[in-house]
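Please model the entire structure based on the sequences and the hints provided.
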Amino acid sequence: MLLEVNNLNIEFYDHDLPERVVNDLNMKLDEGEILGIVGESGSGKSMTAMAIAGLLKRHDMKTEGEILFEGEELLHAKRDTLRQYQGNEISIVFQEPMTSLNPVKRIGWQVEESLRIHRPDLDSSERYRRAIEALRDVELDQPELIYKKYPHELSGGMRQRVMIASAMICEPKLLIADEPTTALDVTIQLQIVKLLQRLNREKHTTILFISHDLSLVRRLCSRIIVMQNGIVVETGTTEDIFHNPVQEYTRMLINAIPKLEKPVI
Amino acid sequence: MKKKKAYSTNFIIGAVITGIVLVMIIIGFIHTPYDITKMNSAVKLAPPSLKHLMGCDNFGRDIFSRVLKGMGNTFVIAFATVTIGAVCGVVIGAFTGFFGGWLDEVLMRINDVLFAFPSILLALVFVSIFGTGKYNVVAALGIAFIPSFARIVRGEFIKYREMDYVKSARLAGVSQIRIIFVHILPNTMTVLLSSIMIGFNNAVLAEAGMSYLGIGVQPPDASLGSMLSESQTYLFSAPWYAIFPGAMIILMVLGFSLLADGIKEK
Ligand SMILES: Nc1ncnc2c1ncn2[C@@H]1O[C@H](COP(=O)(O)OP(=O)(O)O)[C@@H](O)[C@H]1O
Ligand SMILES: [Mg+2]
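Which chain is which? The protein sequence lines are L and F, in order.
Mapped onto our numbering, the consecutive letters of the first sequence carry residue numbers 1 to 265.
Mapped onto our numbering, the consecutive letters of the second sequence carry residue numbers 1 to 266.
Fair warning: there could be bad hints in the mix.
Subject to a maximum C-alpha distance of 30 Å in a straight line, what follows is the list of computed DSSO-like cross-link-like pairs (lysine-lysine) [what the hints assert, rightly or not]:
hint: 1; chain 1: L; residue 1: Lys78; chain 2: F; residue 2: Lys167
hint: 2; chain 1: L; residue 1: Lys105; chain 2: L; residue 2: Lys62
hint: 3; chain 1: L; residue 1: Lys173; chain 2: L; residue 2: Lys28
hint: 4; chain 1: L; residue 1: Lys148; chain 2: F; residue 2: Lys167
hint: 5; chain 1: F; residue 1: Lys159; chain 2: L; residue 2: Lys78
hint: 6; chain 1: L; residue 1: Lys28; chain 2: F; residue 2: Lys167
hint: 7; chain 1: L; residue 1: Lys148; chain 2: F; residue 2: Lys159
FRET-style restraints, in silico, Cβ to Cβ [what the hints assert, rightly or not]:
hint: 8; chain 1: L; residue 1: Asp141; chain 2: F; residue 2: Glu105; range: 22 to 28 Å
hint: 9; chain 1: F; residue 1: Arg109; chain 2: L; residue 2: Gln142; range: 51 to 57 Å
hint: 10; chain 1: L; residue 1: Asp141; chain 2: F; residue 2: Val113; range: 38 to 44 Å
hint: 11; chain 1: F; residue 1: Val113; chain 2: L; residue 2: Leu190; range: 54 to 60 Å
hint: 12; chain 1: F; residue 1: Ile129; chain 2: L; residue 2: Glu72; range: 27 to 33 Å
Calculated directly from the structure, the hints in this document are not laboratory data.
Here a beta-carbon is modelled for each residue, glycine too, at the ideal position from N, C-alpha and C.
Structure follows, in structure tokens:
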């Protein structure tokens with residue numbers, strides 16, 4: 001077992017009424033598997049991802065429950081403890097490739113940043129070598145050229161690959177992909193999904209794939225968690241969910257897949 | 001390879017003027033044609049000539065030499081003032097903007113109070129407590145300049161701290177200090193540079209103003225402001241006495257304004 005989330009509750013206090021955005025969430029992730037979280041926007045998927053990645057240390061919110069990563073409690077861990085994991089054991093890729101890269105820093109610098117933090121023993125030529133390798137791993141042509149470019153010189157799909165490269169450079173055990181394809185064209189979406197599949201197969205990276213697009217989730221994930229209003233309403237293997245959805249909500253999500261894109265099993 | 005974007009006309013003119021000003025300042029530091037304190041009653045209020053390019057003042061001192069030296073004094077004071085204001089302002093603005101919370105509230109209220117006073121008034125109060133002189137003027141103006149820098153930088157940090165790439169950096173385990181100074185600060189450079197230029201102009205004017213009021217650079221040392229102040233009695237009998245220091249203040253300010261515009265447009 002790589003990750004175990006028990007009774008996770010997340011509440012916001014930044015408005016007059018406290019707002020519970022994740023309610024009693026439980027989930028388990030085995031090493032090497034790809035788990036999907038689906039649900040409409042606003043259902044609490046990103047908040048769950050942030051909690052696992054340790055980004056929910058804010059004074060206007062309350063978190064309860066526990067998040068165990070290889071047995072270590074992370075939800076209430078100290079910031080310094082968390083930082084040992086972030087980017088090193090657990091990485092995350094966001095939805096927006098246009099804003100996820102620092103506009104004033106070169107691509108290479110950004111890809112190397114995790115190495116600078118977590119592998120201070122490496123010298124700059126070794127960092128360079130690994131950055132080039134990471135860029136090649138995400139199927140970017142001419143990584144040496146891309147290394148020197150600024151984000152605005154790359155397309156959305158290329159940037160998302162760069163994001164994946166910098167997330168993977170320390171070879172984390174868990175990669176969280178929060179709607180990584182939502183902002184991209186359909187053809188690029190499929191390429192990214194295939195890339196994630198390959199990384200999972202070759203590097204045995206466990207992936208938590210968050211999406212509201214069930215057709216992608218179906219291609220990629222072996223198990224699915226369905227969320228609605230901060231509550232897990234259904235969970236099961238991909239086949240079960242698609243063949244016998246128990247909840248009306250799940251059926252609705254499945255029916256939202258455009259017919260043409262629906263892959264044939 | 002992509003071609004670098006061409007500089008605007010404003011930027012080029014600004015750079016040329018600032019270049020001339022800087023050369024004059026450097027010459028003033030190395031060598032002046034005459035000793036700036038040496039009086040010579042034979043040439044009292046002499047008009048510009050080949051011997052005295054900008055004429056002489058009421059003590060018969062060479063105005064050109066005093067302008068060179070005075071520009072240097074004005075520049076150094078303005079530079080030191082802006083450095084104090086910008087460094088403290090950046091640190092305060094960066095931390096309050098990035099972390100928010102009660103520290104932000106407290107510091108920003110103090111800032112509002114300081115901001116409400118014109119900086120020259122604040123500096124006057126400071127000088128009346130600690131005394132006149134170059135260094136007190138630098139300290140006074142420097143402190144008076146902190147709020148405006150802090151405010152600008154804070155605004156930038158509030159904007160950037162929520163950016164996805166800052167979130168990504170946090171999630172890569174980057175420390176908060178490194179995020180502030182390595183990831184966010186370079187993004188604020190354009191805004192910061194142009195406010196440094198504007199701040200520099202305000203400092204030149206404030207120094208001139210304070211020396212004009214007699215609380216800045218003390219005689220017999222020269223600054224552009226003090227020369228302007230001493231010259232007013234002779235405005236009609238020896239207009240060159242006022243015109244040259246005044247023109248130099250305008251040149252310095254104009255040069256930096258144009259540079260600032262050029263940077264903003266880029
Ligand atoms: N700062 C906040 N204060 C209060 N509620 C918030 C805040 N940020 C997000 N939320 C709420 O949390 C809920 C879950 O959001 P999110 O996890 O981003 O959804 P998803 O990723 O599934 O689209 C939403 O209803 C959203 O309105
Ligand atoms: Mg989301």
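Cross-check of the supplied hints:
1. L:Lys78 <-> F:Lys167: holds (18 Å)
2. L:Lys105 <-> L:Lys62: Roughly 34 Å between the alpha carbons, so the hint for Lys105 (chain L) and Lys62 (chain L) is violated.
3. L:Lys173 <-> L:Lys28: Since the Cα atoms of Lys173 (chain L) and Lys28 (chain L) sit roughly 14 Å apart, the hinted pair holds (cutoff 30 Å).
4. L:Lys148 <-> F:Lys167: holds (23 Å)
5. F:Lys159 <-> L:Lys78: With Cα atoms ~26 Å apart, Lys159 (chain F) and Lys78 (chain L) stay inside 30 Å; holds.
6. L:Lys28 <-> F:Lys167: At roughly 25 Å apart (the allowed maximum being 30 Å), Lys167 (chain F) and Lys28 (chain L) satisfy the hint.
7. L:Lys148 <-> F:Lys159: Status holds; Cα separation ~27 Å.
8. L:Asp141 <-> F:Glu105: 22 to 28 Å: violated (51 Å)
9. F:Arg109 <-> L:Gln142: 51 to 57 Å: Holds, at about 53 Å.
10. L:Asp141 <-> F:Val113: 38 to 44 Å: Given range 38 to 44 Å: violated, Cβ gap about 58 Å.
11. F:Val113 <-> L:Leu190: 54 to 60 Å: holds (59 Å)
12. F:Ile129 <-> L:Glu72: 27 to 33 Å: violated (57 Å)
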